[in-house]
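Knowing the structure of chain A, use the given hints to seat chain B on it.
2 protein chains.
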Amino acid sequence: MNDVIDFINMNRDRFVDELKEYLAIPSISALPAHVEDVRRCAEWTADEMRRIGVPEVELIETPGHPIVYGQWLGAEGAPTVLFYGHYDVQPVDPLDLWESPPFEATIRNGEIYARGAADDKGQVFMHLKAMEACLSRGERLPVNIKVVLEGEEEIGSVHLDSFIREQKERLAADVLVISDSPMFDRGVPSICYALRGLTYYQIDLRGTTQDLHSGSFGGAVANPAFVLAQVLSQMKDRSGRIKVPGFYDDVRVLSDDERVEFEKLPFNEKHYRQEIGAPRLFGEKGYSTLERVSARPTFEVNGLSSGFIGEGAKTVIPALAMAKVSMRLVPDQRPDKITKLFEDYLKKVTPKTVALKITRMSGGLPWITEFSHPFVQATARAIERGFGRRPIFTREGGSIPVVSTFQEVLGLPAVLFGVGLPDENAHAPNERLDLGNFHNGVISAACLYDEISRVGRLR
Amino acid sequence: MNDVIDFINMNRDRFVDELKEYLAIPSISALPAHVEDVRRCAEWTADEMRRIGVPEVELIETPGHPIVYGQWLGAEGAPTVLFYGHYDVQPVDPLDLWESPPFEATIRNGEIYARGAADDKGQVFMHLKAMEACLSRGERLPVNIKVVLEGEEEIGSVHLDSFIREQKERLAADVLVISDSPMFDRGVPSICYALRGLTYYQIDLRGTTQDLHSGSFGGAVANPAFVLAQVLSQMKDRSGRIKVPGFYDDVRVLSDDERVEFEKLPFNEKHYRQEIGAPRLFGEKGYSTLERVSARPTFEVNGLSSGFIGEGAKTVIPALAMAKVSMRLVPDQRPDKITKLFEDYLKKVTPKTVALKITRMSGGLPWITEFSHPFVQATARAIERGFGRRPIFTREGGSIPVVSTFQEVLGLPAVLFGVGLPDENAHAPNERLDLGNFHNGVISAACLYDEISRVGRLR
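Just so you know, the sequences run in chain order A and B.
By our numbering, the letter at position 31 of the first sequence is numbered 31, and the numbering carries on one by one without gaps.
One gets our numbering by counting positions in the second sequence from 1 and adding 1000 to each.
The following block holds chain A by itself, in its conformation from the complex (with noise of 0.2 Å):
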């Protein structure tokens, strides 16, 4: 490996020189007028791919953007790497707001502007050199590897879950790996091992054919809006816990060793709670914040509409109450299992006052590869190597939807590895990269394959 990291050191000018080529081309898949920007960027990854010696490499056509695919299947009987990463960006608006135009890739104090530099390009480049780094010398990775660059993941990846469905067979692997995600914090490099699911509904009450007057009316009937409260307040107690029956069966407990882990996150609570301006935290008693950011399930009320909203009063008994509301899913629960209880649970709670209609609107599933995971293990001592740190293991609390159809396709467990920062704007203007992280990531990149190896196959 010295050779690797050493061909990675001398050819650390010439990675950011070829790394702006590759983000002054404007993936914008959202965009219609960007079609053929998007194409010609899957065909510079092709390209490049082909060139740092990847032999099996082409683009896969959908009714969308295309899917670069590529394959280095050479490491007879070692692990086989499934690396998911995208080529697509979001777009830049506002314009006004950057301080560089956003597909001038420019440098400023260590780090580079541009979009795509963190999400996701420069970290998909980051394992493109990391091959090219092992494949140089000695023409050889230490493990197989099966590349998939999709250019839809910023509208949705709307046509990658059919892709792997199809596709199952040839992207059999031993693990998967993705590098699409901030670490902890900077200087604080980490591994994501679980992310949250979430299902999603509308709750409608009726209560009357239209809005009444509340003079007239009031006393006569139920109002929905009011039902509605009663309807939600019987979600969770005064403790934070959820009171849908059967909620928590499922849900994995935190292992001593995971808690440990969390807490020796570096984590200001103060600092926290002033930043997103709250007057104090809140949460299911017995968790920390952070366990119950990412390792526990919630329920949430993301929206209410009813009756009169606007300026002064208005005395109307409305005729409709709406609330929008969602739950994050920790392993092992399950979107649909969940559904089912909480529309039971529902409809025993709303009175026969009200006309109840719930609609399903979205969800995933959870996902988790034990932090203990020899994988994972592997992937802490690469970043290790190439950061001069040990990792932490955070959870996440958001999804990913992809990581979980991954797992549930292809039965792979996943690693997480991103060298990102929070605050390099992934979706705003002035998006950047920190091309130190970026640096130390081609590195763990490539002892990333060499930890791989180490571990074997395990199956």
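Don't read these hints as lab results, they were simulated from the structure.
Hints should not be assumed to be uniformly reliable.
[To be verified] If you want the footprint, here are the derived chain B segments under chain A, 3+ residues with CB under 8 Å:
id	segment
1	1024-1032
2	1075-1082
3	1208-1214
4	1305-1318
5	1395-1402
[Claimed, not checked] The calculated DSBU-like cross-link candidates involving lysine-lysine, where the alpha carbons are at most 35 Å apart (straight line), are:
id	chain 1	residue 1	chain 2	residue 2
6	A	K357	A	K314
7	A	K348	B	K1264
8	B	K1348	B	K1337
9	B	K1314	A	K340
10	A	K264	A	K347
11	B	K1347	B	K1285
12	B	K1337	A	K314
13	B	K1347	A	K314
14	B	K1337	A	K347
The beta carbon of each residue, even a glycine, is placed where N, CA and C say it ideally should be.
Positioned in the frame of chain A, the structure of chain B alone reads:
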């Protein structure tokens, strides 16, 4: 009185012709284009009063439309009736739904169709014709009469309140008479002897500075939309009883006599429920629907707003949640005291995890003149003489703020004797007044002065 009634019967057609003339003036107070029409209508009203023999008539200017004031004080020692009405009318949109032009009064099936026919020109004119009948026979009325007709009722009686307060001595009287409400039902003459009051608030809860992503932050903080649901659900128990401590302390208990009257009212609960389209009726235990909508206080949520309410799903923890809430009050509750009780309770049940803001929006006193009051019973006898049927006694669930103002400032008992019908479209296209009710109303009004004079002065 037989002479008077004969006069009314003989002049029936002429009265209607004159009413047509009155209804032809488009005295729409809300529309600046009709300012001159409103004044012309005030002048027409004043001229008419002079013509029928009211000696002291004047237009009293306000910063808005003028008040028409007239008095006849020739009945020394007899009670003084203060008659209040309004000569302004609602706008007529949508015009294309009118079957005949709103300001060309047209008679169809014994009903006169025009804007203002029921609300309130027709009912004002009914009293003027009753006065004319009395004054034409012996040139005297059995009571002293003071007439206050405003031109701003349909725009919230903007300047009436200060007029009443400033002219307190001039307006001194023994009883207030208003004919600006519908009777209970066709063929069911009625006297309204109580109105509910109102107190209205906006509640704003703030959780954080901005909306938060429910994935990243879900579990860290209280969700103000959920807290709002919790808080609102604390306002009433499951039986519909308001939980604000002390809320019922000043509620005047329904007497057995009143409840007997309520039971007499013709009311089909099933038909009522179907009309408004409610799955079932609901309200405070122990009271009938009609009692609940008129003689019992309420708590209503008039509006709810928070977070994301568009199509689809957005995983947001709202920064803000807002509710509009109001309470209908009954005698002897007072808005100021209820406000104190409500605000104290609201502060108590709102957790410290959110910032609470309460804004008081509007309010009004409830009003009652017990139906056993001699002047109310006098009105009942007068109506029986005019309609050949004893009226029923009702309470209304809404508010008529001016009634409370007269009561509060002048300390007057009041009788609400209306001859409109509930389906006469007071604020809608094709407003109309049944001419049989108008004619019976003129007789009843004349008899009312007679009956009041027989009761005599009470203080």
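Status of the hints after comparison with the structure:
Residues of the segment 1024-1032 of chain B lying with their CB closer than 8 Å to a CB of chain A number 0, which falls below the three-residue condition for coverage. A count of 0 residues in the segment 1075-1082 of chain B with a Cβ less than 8 Å from any Cβ of chain A is obtained; the coverage claim is therefore unmet, three being the minimum. Coverage of the segment 1208-1214 of chain B by chain A holds in this model, with 6 residues showing a Cβ closer than 8 Å to a Cβ of that chain against a need of three. For a cut-off of 8 Å, the count of residues in the segment 1305-1318 of chain B with a CB near a CB of chain A stands at 12, and the three-residue condition holds.
With a threshold of 8 Å between beta carbons, the proposed coverage of the segment 1395-1402 of chain B by chain A holds, since 4 of its residues qualify and at least three are required. Between A/K357 and A/K314 the CA atoms are separated by roughly 26 Å; this keeps the pair inside 35 Å, and the hint holds. A hinted pair counts as satisfied when its Cα atoms are at most 35 Å apart, and A/K348 with B/K1264 does not qualify at roughly 38 Å. Our distance criterion of 35 Å between C-alpha atoms is met by B/K1348 and B/K1337, whose separation comes to about 17 Å.
A threshold of 35 Å between alpha carbons decides the hint, and for B/K1314 with A/K340 the separation of about 21 Å falls inside it, so the pair holds. The suggested pairing of A/K264 with A/K347 is violated, with an alpha-carbon distance near 43 Å, which exceeds 35 Å. For the hint linking B/K1347 to B/K1285, the alpha-carbon distance of about 27 Å falls within 35 Å, and the restraint holds. Of the pairs offered as hints, the one joining B/K1337 and A/K314 holds, with about 22 Å between alpha carbons and a cut-off of 35 Å not exceeded.
Between B/K1347 and A/K314 the alpha-carbon distance is near 24 Å, which keeps this suggested pair within the 35 Å criterion. Taken as a hint, the B/K1337 and A/K347 pair is broken in the structure, with Cα atoms around 38 Å apart against an allowance of 35 Å.
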